[in-house]
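Undergrad: Keeping their order, the protein sequence lines are chains A and B.
Residue numbering for the first sequence follows this note's numbering, beginning at 1 and increasing consecutively.
Residue numbering for the second sequence follows this note's numbering, beginning at 1 and increasing consecutively.
None of these hints come from the bench; they were simulated from the model.
Predicted model, so just to flag it, every value in this text is computed and none were measured.
You may find that some hints are simply not true.
Stated by the list, open to error - On the chain A side, residues computed to face chain B include the following (Cβ under 10 angstroms):
#: 1; residue: Leu138
#: 2; residue: Ala185
#: 3; residue: Gly189
#: 4; residue: Phe201
#: 5; residue: Leu205
#: 6; residue: Gly271
Ideal Cβ positions, reconstructed from N, Cα and C, are used throughout, including at glycine.
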Amino acid sequence: MNTELMKERWRRNWYKFSRNPLSILGLAVVLAIILIAIFADFFAPYPEHAFVFVDFKNAKRPPCWQYLCGTDMAGRDILSRIFFGFRYSLVMAVSVLSVATPPGVLLGLVAGYMRDTWVDIAIMRVADVFLSVPSMVLALAVCSMLEPTLYNAMLAVTVMWWPWYTRLVYGAASSIKNEYFVQAAEVTGASTFHILFGEIFPNCLSTIFTKMTLDVGWVILIGSTLSFVGLGAQPPTPDLGTMVSDGSKYIPAQWWISLFPALFIVVIILGFNLLGDGVRDMLAGD
Amino acid sequence: MNIKKYVAYRLISSFFVLFGLSLLIFSLSRLVPGDPARLALGPMAPQWAVDKLRAQLHLDEPVYIQYIYWVTNVFRGDLGQSLVTRRGVFNDIFEFFPATFELVIFSVILSTSLAIILGVTSGKYANSLWDNIVRVTSYVGIAIPSFVWAIMSVFIFGYLLRWFPTLGRLSSGVVMPTKVTGLLLVDSLIAGRLGVFRDAFYHMILPGTSLVISRLAQEARITRASVVENLHKDYIMAARSFGIPERTITLKYLLKPSLIPTVAIMGMDIAGSMGGSFIVETIFNWPGLGRYGMSAMLSNDINAIVGVVMLIGVFFAFMNILVDLITAYLDPRIMMKLRGG
């Protein structure tokens, strides 16, 4: 593909994407969150408050100009901790999706291409087993059997996430395999590897990419839920879910301790959902 | 394939999937770091007691032997003993399940009916002010995790406005109605005690909405989209040109095809609510399976974890079959495929 065509395609995609103001809003929110997460030390009003820090003189201060979101039971600035919390949410989403997607996609490709053989049956039934209980239940169960750390929470979410990609790609691959260009490749004696990755895979890419952007919000949601129940990141890590759960003991008198982190969880997920919808509309029918 | 054959086929394949699930969850539970017997008895228990419990649980034998013991017991209706409550897991589940079932069904009915009302009204009057309000609200609603809504609603509706109670299934001092089904709404009606019915209903509002908040928003969007899609179809135009009242068109011709996607994801809803119930029941101190499962998970009660996960798997499988049958009933095309093979 020449560069001129590439440029043209990007221009058209951007046009489709930017027509919806909500997609732009989503993009802006996501970019802001990524920037804040990377440069949390710079943006946070009190970066030293993120981890272990005690200042009982200023504990449980309601929101004011000095502490925009108030302070928690140890006197730490909540807004600063939220900014650092963005890091953990993003790390969670990026690592889960980048680990769960490749095997999920690979299995889906193979099963879809070898439809109605024992390979298909074996792969898809195993995927069915993983999808036979609600994802949250499986993630909680796996998590509870491991040491409660952020790393293990990611592992648990990854374990339950790959089958969704297998199922998605399976559907796409088993219909693409009947297209003429795949049959042509088969007739000319192309290797299975080439057919899987050279012919079928590129045609699944936009579906996979759309699902990945739409999934970021879900991974963050599940991750924050796990740390909310104490099976994810442990204190003093400034994780948003942990902050909500720690602060919930102080409701209603010190509502800000848990309500602001909770609000920002909603903002992150909302941002990624809006962006994901925009990407989906952009790639649809392409 | 006819309906009976279809159901039989689904039941058999669910059986195999559940068998796989039991293998998965059982072997995972045996990989727990640390000694489950020691964890159950506490650090002060004498070594001989721990050894006795280990022997009782067959923990010293290879995992596959343990699994065979477990499976044979399951077919006798025995899921083993909870290491925490010291009672049979099956009894525990039997006792806690109705509370969760009631809450999940309540929340799914609530979310589906609200979503249909919101989706149809906003789709019918697309791009009106009401439509825009519904769309923006549902965008935000989708992004709210159930624990966030639980915390917020406890604060807003429980403490600030004092509209709804925030703990348990009944107010303290209210006597439980005689147990018939275990569902308080049903039991209180059977006993003819409307006051208890009202109290139980009020207690369900906050946990019920927390379970479904994001699904409700999602469903409203899906319903709206399919209403908008069907609104301009020829048969609606035809009905209108025949002079059929707008009300009849909406309720009879527009509603049914527009509901198919909404009903089709009800299975996912029930799954979501079951998953959410672990967290929501813990927050609202709801004495159900979710809270039981959550505390089992936090205390490494392996028999209880395996039991709860398996029960949810069974429940989920049945619900999915049921939902598919309802979808087939609503959508004649699917029905024809089932009938015609």
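Undergrad: Does each hint hold? Answer for all of them.
TA: Now the hints, each set against the structure:
1. Leu138: Status holds, d = 7 angstroms.
2. Ala185: violated, 32 angstroms
3. Gly189: Result: violated, 37 angstroms to nearest chain B Cβ.
4. Phe201: Violated. Min distance 28 angstroms.
5. Leu205: With a closest approach of 25 angstroms, the Leu205(A) hint is violated.
6. Gly271: With Cβ-Cβ at 8 angstroms, under 10 angstroms, it holds.
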